[in-house]
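**Student:** Please work from the sequences and hints to get the whole structure.
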Amino acid sequence: MTSRKNRNNRLKDKIFSVWGIISTLIGLILLVIFIGDIIIEGIHRIDWDFLTGLPSRKPEIAGIFTAMMGTIWVLLLTAMISFPIGVAAGVYLEEYGKKGRLSKLLEINISNLAGVPSIIYGLLGLEIFARIMNLGSSILAGSMTLALLILPIIIVATRESIKAVPSSLKDASFALGATKWQTIYLQVLPASFGGILTGVILALSRAVGEAAPLIVVGALAYVPFAPKTPMDEFSVLPIQIFNWISRPQHGFITNAAAAIIILLVITFAMNGVAIYLRNKWQKKIKW
Amino acid sequence: MKIKLLTIVTIIALASCGGGNKSKTNTEKLTGEIKIDGSSTVYPITEAVAEEFRFEQPEVKVTIGISGTGGGFKKFGRGETDLSDASRPIKQKEIDLCNENNISFVNLTVAYDGLAVLINPENDWVDHFTVEELKKIWEPDAQGVIMKWNQIRPEWPDEEIHLFGPGVASGTYDYFTEAVVGESGSSRGDFTASEDDNVLVQGISGDKYGLGFFGLAYYEENKDKLTLVAVDGGEGPVAPSLETVSNGTYTPLSRPLFVYVNSKAGEKVEVQEFMRFYLKNAKELSIDVGYVPLPDEEYTVQSEKLESFIKGLK
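Taken in order, these protein sequences are the chains called A and B.
At position 76 of the first sequence (counting the first as 1) the number is 76 in the numbering used here, and the numbers step up by one without a gap.
At position 211 of the second sequence (counting the first as 1) the number is 211 in the numbering used here, and the numbers step up by one without a gap.
If you are wondering where the hints come from, they were derived from the structure by calculation, not from laboratory data.
Just so you know, not all the hints are guaranteed correct.
[Claimed, not checked] DSSO-like, lysine-lysine: derived pairs with alpha carbons at most 30 Å apart:
id, chain 1, residue 1, chain 2, residue 2
1, B, 61, B, 264
2, A, 58, B, 136
3, B, 29, A, 58
**Tutor:** What follows is the structure, encoded as structure tokens:
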């Protein structure tokens with residue numbers, strides 16, 4: 001009787017591990033197919049002219065310079081806006097906020113916000129930033145919209161990282177007479193910074209691929225000059241890709257694939273930075 | 001000797017070509033900004049014009065968005081844009097918005113867009129469709145009912161019909177349903193829909209019993225993989241081509257594309273020059289990007305409309 005149960009359990013164990021392997025492979029294979037397909041289609045199109053070229057009706061001379069510069073501008077501004085706000089909100093909720101009904105309500109709301117479709121954020125950004133605050137279809141308005149979009153992710157990541165800091169560390173700090181702010185600034189934040197940064201950069205990787213909210217805010221498809229100030233009009237790579245994919249000439253499909261490769265490179269580079277920073281900060285911390 | 005002669009002829013031919021549209025250049029250097037938004041269908045033409053205009057007036061900053069015809073008119077009506085690309089005429093609601101903000105405008109027709117009905121090259125039974133037959137296939141009531149070719153015409157094969165069409169969010173879908181079914185946005189739901197027209201090309205070219213529709217430009221790029229079907233709008237079957245779309249005999253599946261000019265923007269010299277340049281080069285550039293130009297005399301009419309609009313502003 002027991003041996004049969006045992007065998008049964010072993011079988012379940014085996015089934016689950018096979019299921020796990022298959023699941024992992026599905027993800028991996030799909031990724032490899034996608035990336036392989038894109039690279040085969042687009043890699044030969046990437047050269048200096050493509051990176052520095054302006055938009056054109058002729059696929060073979062069209063380039064992504066202005067869209068790429070727009071993406072970089074938007075990315076930097078979004079990071080500058082969302083980082084301080086998101087981290088401060090996370091710290092407040094975890095360290096200062098009283099645990100009660102209100103904080104529960106806030107928590108649920110933040111998780112819900114993370115699931116709101118991005119185009120809704122675009123409508124919000126159009127009305128509040130572009131029209132009421134009169135920022136127009138500027139990089140600033142777009143960045144603020146994307147910052148809103150990723151705030152929930154940053155807040156959640158910050159809270160999780162802070163939660164992981166051992167309470168003995170905080171207790172020790174308080175015991176030595178440190179104030180709450182000193183404890184947070186000198187102990188909690190450095191200890192959790194690796195995790196926070198990872199969260200922020202992953203959130204930014206999401207923002208970098210968004211087209212819909214930016215189109216709503218008023219990002220353009222044809223901008224023949226690189227933006228110089230945050231108030232300039234702009235385009236971004238996802239919009240350029242979206243526009244090219246819907247064109248009949250096959251050359252634009254190749255261009256879109258090439259632009260996707262550039263976008264992937266930017267995203268992977270950011271993830272690489274995230275991993276590097278996390279490892280660096282984790283090594284520093286010794287308890 | 002022969003080669004020399006050929007070279008000379010070529011040079012003369014090239015020279016006369018190049019001089020054609022650049023003969024009457026405005027030597028005055030203009031500055032300023034021109035903001036354009038609206039239909040993504042019109043976008044390729046406006047982009048082409050903006051690209052060429054840059055060589056004439058490099059200091060004028062032209063920007064173009066793709067918010068869609070409706071989205072574009074919302075901005076246009078609030079005075080946020082100078083020009084609006086549109087794949088349909090402005091609606092009363094949108095005119096009201098313009099009036100509220102004291103904006104008057106002129107609409108200029110810049111090109112035509114044709115919709116093509118397509119089948120697989122191995123399909124040897126279809127020679128043309130009437131609009132009624134297309135309606136029978138695509139109307140909402142056809143869902144789950146009209147499933148076989150012989151239900152459309154008895155002599156056609158007793159085989160399943162596989163339908164392909166653009167996504168329901170596209171202007172092309174709106175336009176097809178309005179022209180064929182009679183109501184914009186109303187059709188059966190059981191067809192393979194894709195926002196990416198290249199997917200439709202793949203679908204129809206790989207399916208002997210496939211049938212679909214999309215912009216004529218996509219057919220031009222995929223002539224070898226698909227067969228174009230003539231459509232009978234009441235006066236005999238007509239196949240879409242540059243000629244039949246341009247002279248209006250290919251109905252009802254061809255439509256005009258517009259650019260709307262804001263009256264306040266129309267006072268700016270750079271906008272006036274841009275629109276003159278637009279109408280002057282629209283013929284060549286619309287062919288370049290896969291659309292159908294207006295007949296020459298129609299461009300003259302549009303130019304006169306523009307000039308009298310500009311005159312009226314002063």
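**Student:** Would the hint linking residue 29 of chain B and residue 58 of chain A be met if the CA-CA limit is 30 Å?
**Tutor:** Within the cut-off at roughly 26 Å; holds.
**Student:** Keeping to a limit of 30 Å between CA atoms, is the pair of residue 58 of chain A and residue 136 of chain B held or broken?
**Tutor:** Given that 30 Å is the threshold and the Cα spacing comes to 40 Å, the pair is violated.
**Student:** Mind checking the alpha carbons of residue 61 of chain B and residue 264 of chain B for me, to see if they're no more than 30 Å apart?
**Tutor:** At roughly 17 Å apart (the allowed maximum being 30 Å), residue 264 of chain B and residue 61 of chain B satisfy the hint.
Hint 2 from the list above is the single one not met by this structure.
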